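Listed in order, the protein sequences are those of chains E and H. Those letters in the first sequence? Residues 0 to 687, by numbering that gives the first Met the number 0. Those letters in the second sequence? Residues 0 to 247, by numbering that gives the first Met the number 0.
Watch out, some of these pointers could steer you wrong.
[Stated by the list, open to error] 25 Å max Cα-Cα, derived PhoX-like pairs, lysine-lysine:
#1 E/LYS387 to E/LYS475
#2 E/LYS576 to H/LYS72
#3 E/LYS641 to H/LYS243
#4 E/LYS641 to H/LYS215
#5 E/LYS309 to H/LYS243
#6 E/LYS589 to H/LYS72
#7 E/LYS576 to H/LYS243
[As the list claims (entries may be wrong)] To be clear about the criterion: a stretch of chain H counts as covered by chain E if any three or more of its residues have a C-beta under 8 Å from a C-beta of chain E, and this derived list gives those stretches:
#8 63 to 77
#9 230 to 242
[As the list claims (entries may be wrong)] Residues from chain E shown here face chain H by an in silico Cβ test under 10 Å; the list is partial:
#10 ILE226
#11 ILE407
#12 ASP505
#13 HIS577
#14 GLY579
#15 LYS585
#16 ASP607
#17 ARG611
#18 ASN615
#19 LEU619
#20 MET621
#21 GLN628
#22 GLN676
#23 ILE680
Read the hints as simulated data drawn from the structure, not as lab findings. All values reported here derive from a predicted model rather than from experimental measurement. We put the beta carbon where it would ideally sit given N, CA and C, even for glycine.
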Amino acid sequence: MLTKRIEQLKDFFFDRHHHSVRRTPEELGLDRLCDRFAADKVPAQMRGAILFEEMTKAEKPVIFDGELIVATRTITRVPSYFTEAEWEEIKSKHYLHENGFLSNISANYKDALAEGLEARKQRFEARKASADAEGKLFLESAVRSIAALQGLIAKYEACAREMGDSALAEVLASIRTEGAKGFREALQLLRFIHFGLWESGCYHNTLGRFDQYMYPYYKKDVESGRISKDEAWELLLSFFLACNKDSDLYPGMQQGDNGQSLVLGGRDEKGNTLFNELSAMCLEASYDLNLIDPKINLRVDRNTPLEIYKLGARLTKRGLGFPQYDNDDVVVPGLIRKGYSPEDANDYVVAACWEFIIPGKAMDIVNIGALSFAGLVSKSVDRLGQYKDFESYYASVDADIKEECKAIAAQYKNLYIAPAPLYSVFMDGTLERARDITLGAKYNNFGIHGTGIATAADSLAAIEKYVFDEKSVSVKDLQAALDANFEGWDELWHKLRFEAPKMGNDDDYADKLAQRLLASFDEGLAPLRNERGGCFRAGTGTAMYYIFHATCLKATPDGRKAGEVIPANYSPSMYTKHKGPVSVLKSFSKGDLARTINGGPLTIELDDTIFRNEENLEKLAMLIRSYVQLGGHQLQLNTLNKETLFDAKAHPEKHRNLIVRVWGWSGYFVELDECYQDHIINRIKFAV
Amino acid sequence: MSKGTIFSIEEFAINDGPGIRTTVFLKGCPLRCAWCHNPEGLSPKPQIFHAMDGDEICGREVEAKDLAADLLKNREFFEMNGGGVTFTGGEPTMQADFLCEVMDLLPGVHKAIETSGYCKPEVFKKILDRLDLVLFDIKHTDPEQHRRWTGVDNAPILANLQTLKLSGKPFVIRVPLIPGVNDSLENMEATRDLVKDAPGLQRLELLRYHKTAGAKYPKVDMEYSPAFDTDAEPAVHDIFGNIKLLIL
Ligand code: SF4
């Protein structure tokens, strides 16, 4: 249950009262810092630190009534530390990922909380003596960044004293220099570090294995009686609530796509289950708060007790679109297979959406590109006449996929990521290497999404069955029908769309083709290396590509017409009524999903009537467990009510609260672009 | 090998027995309950159904062995989750031979039926022998009222209920709660007294009437005009004592 304090704060933030303290960088004269940097020829590495210094100096400490965990953004935007001309220059020489700043990795919060800021600053300072010139510059930028963060904490401390909140002031005084002494200190220090990452211009800042690195502080405090369980509960709620205060300021594709994901449960290298009391509290806190941040992933495996799934299913009932379930039995071996050490693989967390990354150790770019299965299969239809049997035809598709893998991989030359001195402070090995994290880490792998897998597999299945096996559809007719977007080809269209074998019906005819496509993808990427020596990871996610790739896709042999969307992530096509969730789970857990370790969940929509009683919740928990036991890699459930969605589209003002899952994240429905709204409404038509 | 007519197979049917189950809908019913929400299940024959995207044929003939093979595909899933298969309708006992044949092809699978109990005693026994669980409807205890609202006499139903009770098989009683039809205190007490001492009784479910029951009638060119007040809320009486109760 929410406490009174938390309810009041939640209302306060929900009514956006805290927006009144916000100022723009323009008002503060911070927007053109880049001109000064350019004129003075300040090295990029130092710009990161100076910008962060200026931002923290301009921040106004605000502590709202009743807040236990503080730090609120008062500056609406983090300005770029390069001028437009400089960016142009960089772009002409380099490959930039998204906006060029660091994103979507996970810090080593565990060590940072234990060591504290002062000790870390001193270690970075001391390392200067033996570093080269570039190293010295980096270390100086890191030291200045830590000092800036400490300065911000000091301001909050002074503010707390002025307000007479000595308990808070003590916490702040302690975390300004020392490692966390207890649960409240750990949460408050984490809040400042996380806040700092955002304010330094990095984005999609994840929270990692929160229940693991926080648990020792919780346990110690509660066992020693330093705080009661009720107090710990309220602190946890405070932290979760704090994650929602500034999230509208965080950049992403759409509001809500901010990457504040955290991971619960899972196991260690020896196979011990790590789900603890705090993990359960997190699920409950998220349920009670009913807010989109932090987004929760639950690591499970074949031995996870049904009780834990039930806790997850209960949260699903909220309709926030999480938890997302990640199967350790598939993910861990999959990561090891791609060269991650067993210890690191067991410590995996989830990036902004679904990609598996290693906290502290990976500078992976998990969403660097995407391969369009549907697009490749669509193109191959033009030359279908050349092949005498399906096998020779598939061999050509396989070759295309492998060519495309090479072409995609070749694009990422001369990667440039704007230096991120503060983030570097919280990543492993940056001190030893005396180099910014953006230059590389222990793992430097790139992830490639694979989009439209069901569209592609269904298309191949139709081709195999009707063109090659039954010979009931001629190549010419198929091509003509697709060129005409099925105009005048009603009968063929009906057959392809409604009668052909489909992935999701537990029909090997289509399912085995999906497995072959994924295998081709994995094999295509396997020999490739990026310029940092890292590998490429195949995935089943789509991110926004499911919209991009669909718009330029003509009619496909699965009976999909031009302009119709392709399914998001690892999901069945939306046009056929499938046999039901059991068949869908079976189809989508076949094959070796460890090969597609960049992730991308099977998404199932549930009508909210399922949650009417406790018994049904248990059945839902069983359903989720079955997917894991069958070897599925990742699962995400949406709870939707069709009437609500229609009404929300018509009367957005009445549904400001309505939260839906979009691709790898949840957002407010009414704030989404219409194409996303329509896609979600479309999905529910085929809900369980 | 016999054929039967079914009109739907639903996976992950959450209200038809324990665990994860698949429910098979057999077409045809001898009753005509005024509140029936599955009008497409009444006629034993395939028929036109006006669906959202155009007309469809509702109902198809299947061979017992094909249906069984289809159901067995998910056997592992049922076993993992304490589930199985439930047959409903319409009234599944109407296609008794087919039903028994399918069930005989599902050895080791947990089998349940949802029935009005309206069939010949020997038919009921034959089916009962093959079942692990029975979801048994009691629509009204009074013969006259029963005839008025469902079109048939309840004597065979009560006789089969007696057989069920004596068999010791686990069963669930389901009562559709229809406002002004069967929700009187008197009828509810009579319903309770019919089953309260049966050792096989697992629980009693009250299924509250909902207006959406009439939604599908136009789709099969039928009219929904029950003679009870569809806007009224059915009464729920607190009289069930130790019987496990579920109100849906
Ligand atoms: S017994 Fe069931 S299917 Fe038959 S009419 Fe009554 S409610 Fe409808």
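Hints versus structure:
1. Among the hinted pairs, E/LYS387 with E/LYS475 is consistent with the structure: their alpha-carbon atoms are about 14 Å apart, no more than 25 Å.
2. Restraint check for E/LYS576 and H/LYS72: satisfied, since their Cα atoms lie roughly 19 Å apart, inside the 25 Å limit.
3. Our distance criterion of 25 Å between C-alpha atoms is broken by E/LYS641 and H/LYS243, whose separation comes to about 33 Å.
4. Distance hint between E/LYS641 and H/LYS215 is fulfilled; the C-alpha atoms sit about 18 Å from each other, no more than 25 Å.
5. A distance of roughly 23 Å separates the Cα atoms of E/LYS309 and H/LYS243; the hinted pair therefore holds under the 25 Å criterion.
6. Simply put, E/LYS589 and H/LYS72 have alpha-carbon atoms about 14 Å apart, close enough for the 25 Å limit, and the pair holds.
7. Between E/LYS576 and H/LYS243 the CA atoms are separated by roughly 37 Å; this puts the pair beyond 25 Å, and the hint is violated.
8. Look at the segment 63 to 77 of chain H against chain E: 3 of its residues bring a Cβ nearer than 8 Å to a Cβ of that chain, three or more, so the hint holds.
9. Proximity of the segment 230 to 242 of chain H to chain E, defined as three or more residues with a beta carbon under 8 Å from a beta carbon of that chain, is not established by the 0 residues found.
10. Hint status for E/ILE226 relative to chain H: violated, with the closest Cβ pair at about 40 Å, above 10 Å.
11. Using the Cβ-Cβ criterion of 10 Å, the hint placing E/ILE407 at the interface with chain H is not satisfied: the shortest such distance is roughly 37 Å.
12. The beta carbon of E/ASP505 is positioned within 10 Å of a beta carbon in chain H (closest approach about 6 Å), and the interface hint is therefore held.
13. Taken as an interface hint, E/HIS577 checks out: its beta carbon lies about 9 Å from the nearest beta carbon of chain H, inside 10 Å.
14. Evaluation of the E/GLY579 hint against chain H yields a held restraint, the C-beta minimum of about 3 Å falling below 10 Å.
15. Checking E/LYS585 against chain H by beta carbon gives a least distance of about 7 Å; that is within 10 Å, so the hint holds.
16. Taking 10 Å as the C-beta cut-off, the interface hint given for E/ASP607 is violated, the closest approach to chain H being about 13 Å.
17. Hint status for E/ARG611 relative to chain H: holds, with the closest Cβ pair at about 7 Å, below 10 Å.
18. Proximity of E/ASN615 to chain H holds as hinted, the smallest CB-CB distance being about 5 Å (cut-off 10 Å).
19. The criterion of a C-beta within 10 Å of any C-beta in chain H is met by E/LEU619, whose closest approach is roughly 8 Å, and the hint holds.
20. A least Cβ separation of about 4 Å between E/MET621 and chain H falls short of the 10 Å threshold, and the interface hint therefore holds.
21. The beta carbon of E/GLN628 comes within 6 Å of a beta carbon in chain H, closer than 10 Å, and the hint placing it at the interface holds.
22. Annotation: E/GLN676 was flagged as interfacial toward chain H, and the flag is violated, the nearest CB pair being 20 Å apart, outside 10 Å.
23. The beta carbon of E/ILE680 is not positioned within 10 Å of any beta carbon in chain H (closest approach about 14 Å), and the interface hint is therefore violated.
The structure shown violates the earlier hints numbered 3, 7, 9, 10, 11, 16, 22 and 23.
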